[in-house]
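A.B. asks: All chains, please: the whole structure from these sequences, using the hints.
There are 2 protein chains.
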Amino acid sequence: MSLARPNPRFLARTHRIFASQTRSYAAPGDGTIPAAKKKYIPTAGTYPLGFKAGSAHVGVKASNTRFDDLALIASDSPCAGAAVFTTNKFQAAPVTVSRNLLKSRKGEGIRSVIINSGCANAVTGKGGIEDATLMGRETDQAFIKDNNGEDDGQSRSIVMSTGVIGQRLPIQKIVSKIPTAYYNLGDTHEHWLGTAKAICTTDTFPKLVSKTFTLPSSQEEYHIAGMTKGAGMIHPNMATLLGVICTDAPVSASPLQTALTSAITKSFNSISIDGDTSTNDTVAILANGAAGGKQIDSTESADFAAFQATLTDFAIDLAKLVVRDGEGATKFVTIRVTNAKTYKDAHRVASTIARSPLVKTALYGKDANWGRILCATGYAENVEGVIPEETSVSFVPADGSEELKLLVRGEPEQVDEERAAKILEAEDLEIKVKLSEGKYSEEAVFWTCDFSHEYVTINGDYRT
Amino acid sequence: MSLARPNPRFLARTHRIFASQTRSYAAPGDGTIPAAKKKYIPTAGTYPLGFKAGSAHVGVKASNTRFDDLALIASDSPCAGAAVFTTNKFQAAPVTVSRNLLKSRKGEGIRSVIINSGCANAVTGKGGIEDATLMGRETDQAFIKDNNGEDDGQSRSIVMSTGVIGQRLPIQKIVSKIPTAYYNLGDTHEHWLGTAKAICTTDTFPKLVSKTFTLPSSQEEYHIAGMTKGAGMIHPNMATLLGVICTDAPVSASPLQTALTSAITKSFNSISIDGDTSTNDTVAILANGAAGGKQIDSTESADFAAFQATLTDFAIDLAKLVVRDGEGATKFVTIRVTNAKTYKDAHRVASTIARSPLVKTALYGKDANWGRILCATGYAENVEGVIPEETSVSFVPADGSEELKLLVRGEPEQVDEERAAKILEAEDLEIKVKLSEGKYSEEAVFWTCDFSHEYVTINGDYRT
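Heads up: the sequence lines are chains A and B, in that order.
Per our numbering, the first sequence starts with residue 1, numbered consecutively.
Per our numbering, the second sequence starts with residue 1, numbered consecutively.
Mixed in with the good hints, there may be bad ones.
Identical copies go unnamed one by one, so any copy, or any two together, can satisfy a pair.
Straight-line distance between alpha carbons at most 27 Å, and here's what the computed DSS-like set of lysine-lysine pairs gives [what the hints assert, rightly or not]:
| # | residue 1 | residue 2 |
| --- | --- | --- |
| 1 | K173 | K126 |
| 2 | K341 | K439 |
| 3 | K89 | K405 |
| 4 | K432 | K211 |
It should be emphasised that the hints constitute simulated quantities derived from the structure, not laboratory data.
C.D. replies: Written out as structure tokens, the structure is:
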């Protein structure tokens with residue numbers, strides 16, 4: 001074997017990383033939130049009218065004896081719902097059940113979203129479908145018993161699960177705690193935050209965003225609030241991407257689905273931790289119209305356009321939180337691909353750069369490695385309109401200072417390495433890739449993080 | 001920050017890994033070959049008649065003051081040549097020049113392959129094209145001066161470069177050493193091995209294979225020999241995939257190109273270290289017919305079929321050596337996808353599994369994580385004929401013992417964790433994914449390695 005000495009700088013860095021590792025594999029929200037992440041947790045919020053959130057402790061994972069792992073988000077009245085699901089061919093039971101629910105109800109008359117963490121109910125066969133169906137129906141019963149609901153025999157609850165795959169849900173334990181979650185429903189900031197915590201798995205912090213907005217046709221103030229949880233990895237480290245968004249704006253099911261699908265392309269489908277698409281990924285939206293105003297029932301209105309823009313921005317804010325919490329991440333990187341022939345081309349190039357292990361390890365190493373960025377640009381599949389001799393690559397610093405040009409019209413720049421090093425010290429960085437000199441004008445943005453020793457440690461560790 | 005303690009097992013492992021790191025970033029073949037890799041270096045070989053190999057020291061990288069970095073592989077007489085090039089849109093100058101050469105000569109009348117390591121001559125504009133052209137022409141001159149060549153004004157030398165991108169070649173230094181490489185040509189095992197060493201960059205060992213074979217129509221013994229170098233990463237860690245194969249079988253240019261293209265699909269295009277496709281990747285083949293026999297001038301003969309099979313197996317052996325030397329790799333993993341609707345589908349699924357960071361980190365962690373394998377199977381793009389309820393996943397142990405079933409027809413097995421752990425202790429492992437129960441029958445094989453802390457260290461380290 002070699003006599004080469006370990007690099008002391010790396011050993012020191014690795015020690016620091018291992019010492020700061022705070023992922024919990026056993027239960028959501030074990031309470032220890034890394035100091036650097038605390039700024040992403042809101043201390044107050046403005047929540048949509050007519051919605052409540054609550055949670056309960058089930059112990060889906062037997063080792064979780066303390067933390068809430070069942071979450072309920074409910075509308076006071078039946079409302080419109082829409083969702084976007086994973087494209088993975090191995091779809092988990094709750095994905096199948098929720099998709100069928102929205103289809104059969106045409107997205108109308110929805111009451112709630114019920115979510116458990118700790119077990120994904122994926123690759124569980126017919127029994128898994130029965131469990132997911134029962135979980136939804138038992139949630140409906142809570143509303144019916146409370147005289148708020150009508151039972152037409154069809155479920156009104158969207159079901160989501162996240163956690164270990166290949167294991168059945170402890171469905172009786174879950175069902176027995178649905179009334180507790182229902183009882184715990186409330187509309188305060190603490191209710192929303194507690195619920196956001198209950199859907200976490202390996203997340204190091206709960207992800208909750210709330211905002212107000214207006215629509216052209218009315219004077220009303222509308223609210224939108226949502227929560228999400230970590231992306232990218234599944235069993236045993238229990239993850240999947242889930243999101244729930246609620247608004248009191250009056251949007252019918254069909255335009256709601258259109259708006260969500262479009263918003264997801266530019267948000268949750270424009271982020272990457274490790275490029276792995278889980279079996280359970282689901283983002284749902286509920287709109288109950290509780291704030292009043294004119295119903296948006298088509299995609300052909302100024303109100304719809306305004307709502308679409310609001311929802312897209314909101315979904316981007318939520319999705320970015322997932323990247324902020326990427327496993328082992330030390331960097332938050334925006335990849336902006338401009339002057340592409342089509343949005344799809346720009347998106348494909350941005351996605352390929354965001355997934356390149358060589359780009360991601362270079363970012364971790366704080367290396368201004370435009371060669372790897374260019375290389376990934378060049379091997380993005382099914383992309384037209386990349387013009388090598390017109391391609392430029394820059395770093396856009398987080399502090400608002402002038403961009404640092406690395407490659408201009410296919411020619412390498414003399415890089416000011418000192419400035420490059422300074423730019424790469426910051427947590428945030430934008431990489432700008434220009435594919436042509438004005439011939440085309442489409443642009444796409446992607447958000448990603450770096451690849452660190454900690455990523456390998458988290459995902460290479462033995463099952464626990 | 002957290003008070004979590006580092007996991008001592010991981011720290012110990014990381015120390016070991018760092019202590020064993022033997023990659024050289026400065027020059028090819030720095031002499032220290034890891035003990036575990038020595039078994040992959042042949043101590044003798046059977047080389048094709050009428051071919052010679054040689055190398056010279058240029059010092060393409062100024063820091064390389066000792067090691068040969070210019071390689072020449074030559075046929076005694078003009079011969080047929082074919083090549084497969086990178087699909088990256090940013091193609092290096094030698095790729096453009098060699099592609100044009102083969103096109104204009106229709107693959108006939110080729111004399112040699114000239115290769116430098118240390119600088120990729122990529123993203124170097126018009127000047128780079130001039131340099132690559134000059135490198136080929138100066139190689140031709142060596143043959144002409146030695147009275148072995150005719151000068152028809154068209155180059156007869158395929159040019160390859162590997163190393164740092166975005167820098168011009170020190171072309172005068174290279175040109176001045178071409179006569180030395182020519183002078184050093186020889187046909188012994190030592191000549192071939194020394195030449196294989198000269199094309200290395202971050203490789204930890206030279207990759208050389210030689211074999212004999214026969215063809216149905218003759219009694220001749222034919223020879224095939226080839227060399228290759230590391231894959232996957234570019235500047236600053238200086239890599240790209242290059243390969244040169246020589247045979248004394250009589251194959252004309254057109255069937256030679258057909259055979260090579262097909263062989264590459266099942267070999268060099270069926271391996272993955274990190275999924276990054278470089279700007280310089282090139283595999284070339286020369287066939288000079290020096291061993292005699294009937295000329296293979298079409299793809300419609302038993303001789304062609306036999307040659308195709310031999311070349312495919314040979315290219316697979318070469319390509320596997322690249323995976324054996326994957327950066328930071330601790331495992332050599334064969335991914336076999338069976339019972340697919342088409343070969344392309346099987347290949348896409350195998351490729352997606354081979355590239356999944358979650359699968360690769362689980363392999364590093366010796367985790368029998370069928371969930372991640374299944375997940376990657378499910379998100380492979382543009383694949384038909386995946387039947388979830390008929391999909392099975394097994395580990396096939398390297399020791400020839402019975403396979404370990406992890407998932408059978410969509411249902412998780414009770415896994416014997418002790419046996420799984422034992423299987424995962426071995427360096428070699430086969431993952432078998434069956435996509436249907438006999439409805440389809442196509443199969444593809446892919447070779448990959450794991451993702452380790454060392455991979456991040458190698459690729460995340462500062463430029464040196």
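A.B. asks: Each hint should be assessed against the structure and marked as holding or not.
C.D. replies: Verification of the hints:
no.: 1; hint: K173 - K126; result: within (19 Å within a copy, 70 Å between copies)
no.: 2; hint: K341 - K439; result: within (8 Å within a copy, 41 Å between copies)
no.: 3; hint: K89 - K405; result: between (42 Å within a copy, 21 Å between copies)
no.: 4; hint: K432 - K211; result: neither (29 Å within a copy, 49 Å between copies)
Hint 4 from the list above is the single one not met by this structure.
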